[in-house]
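Participant: Given chain A, put chain B in place with the hints provided.
So the sequence lines, in the order shown, correspond to chains A and B.
Take the first sequence: its letter number 2 is residue 13 in our numbering, and every next letter is one higher.
Take the second sequence: its letter number 45 is residue 50 in our numbering, and every next letter is one higher.
Don't read these hints as lab results, they were simulated from the structure.
Incorrect hints may appear among the rest.
Claimed, not checked - Distance windows between CB atoms, simulated: (1) B:Lys-82 - A:Arg-156: 39 to 47 Å; (2) A:Asp-13 - B:Ala-102: 27 to 35 Å; (3) A:Gly-133 - B:Leu-101: 53 to 61 Å; (4) A:Asp-117 - B:Leu-160: 49 to 57 Å; (5) A:Arg-156 - B:Leu-99: 52 to 60 Å; (6) A:Arg-156 - B:Leu-81: 35 to 43 Å; (7) A:Arg-151 - B:Asp-84: 22 to 30 Å; (8) A:Lys-146 - B:Gly-110: 31 to 39 Å; (9) B:Lys-82 - A:Arg-166: 16 to 24 Å; (10) B:Glu-69 - A:Gln-167: 40 to 48 Å; (11) A:Gln-167 - B:Trp-164: 53 to 61 Å; (12) B:Pro-9 - A:Asp-117: 16 to 24 Å; (13) B:Gly-24 - A:Lys-146: 29 to 37 Å; (14) B:Ala-159 - A:Gly-133: 57 to 65 Å.
Unchecked claim - Facing chain B, from chain A, some residues (calculated, C-beta under 8 Å): (15) Tyr-21; (16) Arg-23; (17) Ala-30; (18) Arg-34; (19) Gly-37; (20) Gln-47; (21) Arg-55; (22) Phe-58; (23) Pro-60; (24) Leu-77; (25) Leu-118; (26) Lys-119; (27) Arg-121; (28) Glu-122; (29) Leu-126; (30) Tyr-130.
We put the CB at the ideal spot given by N, CA and C, even for glycine.
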Amino acid sequence: MDEESFRAFYDRTVRPLWAYLSRVSGNSQLADDLVQEAYYRFLRASFSPLNEAHARNYLYRIATNLLRDNHRRRKPNHLPLEDMPCSESTADTTQRRWDLNGALDDLKPRERELLWLAYVEGSSHQEIAERTGLKVASIRQLLFRARQKLANLLRQTIRGKR
Amino acid sequence: MNSPSCEKEQRVLECLLGGSWPGPAGESLPEHTVTCPVCSDLVLAVEHLREESRRAVTAAALPEAGLVWWKAQLRLKRDAADRATQPIAMVERLALACASLSSAGVVFWKWPEISAWVNRLGDIASRASFGWTPRFNLLVLSACGAFLVLMVFALYFDWADQ
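If we strip away everything but chain A, and leave its shape as in the complex, we get:
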């Protein structure tokens, strides 16, 4: 990949990739490091992608492996709320972020990966399988369980506040 095509690819992918790494790891500083490492490994591999989706899947696969390596090395380290990037400061949005972060904390890293890829990235089961290394056949079941767990946690939080 030459510099020009890398720049274009980077500009298209870096923000969603950072969001994925940040929210799955629960640590935005770690996401900063992992993003750079992911692009370095992507360039080092010097493979010829068939198309944009292929390159994107490959990049996410690298990022997912980095997340797993990091998770194996240490327990996830969640930043305090004040360290999280925030563009709004209303009590309502802050509280909602707590809800989600708290709910995400209770999910396994793999569940967070699946939910993010499916419902934020809008990836198909095939793409999720390529990005995570899981079997396509098991994605549906795992995704259903993760979604149910997240929804129950969110409902519990909402009920708890009433």
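Facilitator: Relative to chain A, chain B alone:
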């Protein structure tokens, strides 16, 4: 165990990812998501995840593509240089380790001969009025020992540096 499914799940997901429900003439999907447990979980999970994603994407402070490219190129060059010099460095370390070990081995194995030789040397020196004394011999031996110890330290630091 098969997870419960809903025939409208995929359509609901498409609408959620697309950001809008079909118009009044379309399906009554919003009403359906209230009553269907599968789709209500889906709506709850997707809305929270996507809200979090929007916030993360806008708040992320990321390096420029050019900087990432430049850093990756530097690292690739450095890694290539490291790989190229690795065999040389390995042989150097091995040679140093062999020299240190064999020197120490010879000193321990041939200690009686070395000791006798040093004493004889001292006798010759004193006979020749060089003024060498047993204390001087001890000094020579201590210097040799210190040299060996220093070699071991040098080897260790070289290794740690690599």
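Participant: All hints, please: hold or fail.
Facilitator: Verification of the supplied hints:
1. Taken as a hint, the range 39 to 47 Å holds for the pair Lys-82 of chain B and Arg-156 of chain A, whose Cβ atoms sit roughly 46 Å apart.
2. Range check, Asp-13 of chain A to Ala-102 of chain B: about 44 Å between beta-carbon atoms, so the 27 to 35 Å window is missed.
3. For the pair Gly-133 of chain A and Leu-101 of chain B, the supplied restraint of 53 to 61 Å holds, since their beta-carbon distance comes to about 57 Å.
4. Look at Asp-117 of chain A against Leu-160 of chain B: about 51 Å separates their beta carbons, and that is inside 49 to 57 Å.
5. Range check, Arg-156 of chain A to Leu-99 of chain B: Cβ separation about 54 Å, and the 52 to 60 Å hint holds.
6. Against the hinted window of 35 to 43 Å, the Cβ-Cβ separation of Arg-156 of chain A and Leu-81 of chain B comes to about 41 Å, which satisfies the hint.
7. One distance hint, 22 to 30 Å for the beta-carbon pair Arg-151 of chain A and Asp-84 of chain B, is violated here, with the actual separation near 40 Å.
8. Checked against the given bound of 31 to 39 Å, the beta carbons of Lys-146 of chain A and Gly-110 of chain B, roughly 57 Å apart, lie outside it.
9. Checked against the given bound of 16 to 24 Å, the beta carbons of Lys-82 of chain B and Arg-166 of chain A, roughly 53 Å apart, lie outside it.
10. With their beta carbons about 42 Å apart, Glu-69 of chain B and Gln-167 of chain A fall inside the hinted range of 40 to 48 Å.
11. Roughly 54 Å separates the CB atoms of Gln-167 of chain A and Trp-164 of chain B, a value that falls within the hinted 53 to 61 Å.
12. Between Pro-9 of chain B and Asp-117 of chain A the CB atoms are about 22 Å apart, so this pair conforms to the stated range of 16 to 24 Å.
13. Take Gly-24 of chain B and Lys-146 of chain A: their Cβ atoms lie about 31 Å apart, and the range 29 to 37 Å holds.
14. In this structure the hint that Ala-159 of chain B and Gly-133 of chain A lie 57 to 65 Å apart at CB holds, the actual value being about 58 Å.
15. Satisfaction of the interface hint for Tyr-21 of chain A is found here, the shortest Cβ-Cβ separation to chain B being roughly 4 Å, below the 8 Å cut-off.
16. Evaluation of the Arg-23 of chain A hint against chain B yields a violated restraint, the C-beta minimum of about 10 Å exceeding 8 Å.
17. Taken as an interface hint, Ala-30 of chain A checks out: its beta carbon lies about 4 Å from the nearest beta carbon of chain B, inside 8 Å.
18. Hint status for Arg-34 of chain A relative to chain B: holds, with the closest Cβ pair at about 6 Å, below 8 Å.
19. Against a cut-off of 8 Å between C-beta atoms, the interface hint on Gly-37 of chain A is violated, since the closest Cβ of chain B lies about 11 Å away.
20. A cut of 8 Å between beta carbons decides the hint on Gln-47 of chain A: the least distance to chain B is about 6 Å, and the hint holds.
21. A cut of 8 Å between beta carbons decides the hint on Arg-55 of chain A: the least distance to chain B is about 6 Å, and the hint holds.
22. Because the smallest distance between the Cβ of Phe-58 of chain A and any Cβ of chain B comes to about 14 Å, over 8 Å, the interface hint for this residue is violated.
23. Interface restraint check for Pro-60 of chain A: the shortest CB-CB distance to chain B comes to about 17 Å, outside 8 Å, so the restraint is violated.
24. Hint on Leu-77 of chain A is violated. Least Cβ distance to chain B is approximately 15 Å, over the 8 Å limit.
25. About 10 Å separates the beta-carbon of Leu-118 of chain A from the nearest beta-carbon of chain B, more than 8 Å, and the hint is not met.
26. Checking Lys-119 of chain A against chain B: minimum C-beta separation of about 15 Å lies over 8 Å; hint violated.
27. For the restraint placing Arg-121 of chain A at the interface with chain B, the shortest Cβ-Cβ distance is roughly 15 Å, beyond the 8 Å limit, so the hint is violated.
28. Because the smallest distance between the Cβ of Glu-122 of chain A and any Cβ of chain B comes to about 11 Å, over 8 Å, the interface hint for this residue is violated.
29. Satisfaction of the interface hint for Leu-126 of chain A is found here, the shortest Cβ-Cβ separation to chain B being roughly 6 Å, below the 8 Å cut-off.
30. Interface hint status for Tyr-130 of chain A: upheld, as the beta-carbon distance to the closest one in chain B is roughly 4 Å, under 8 Å.
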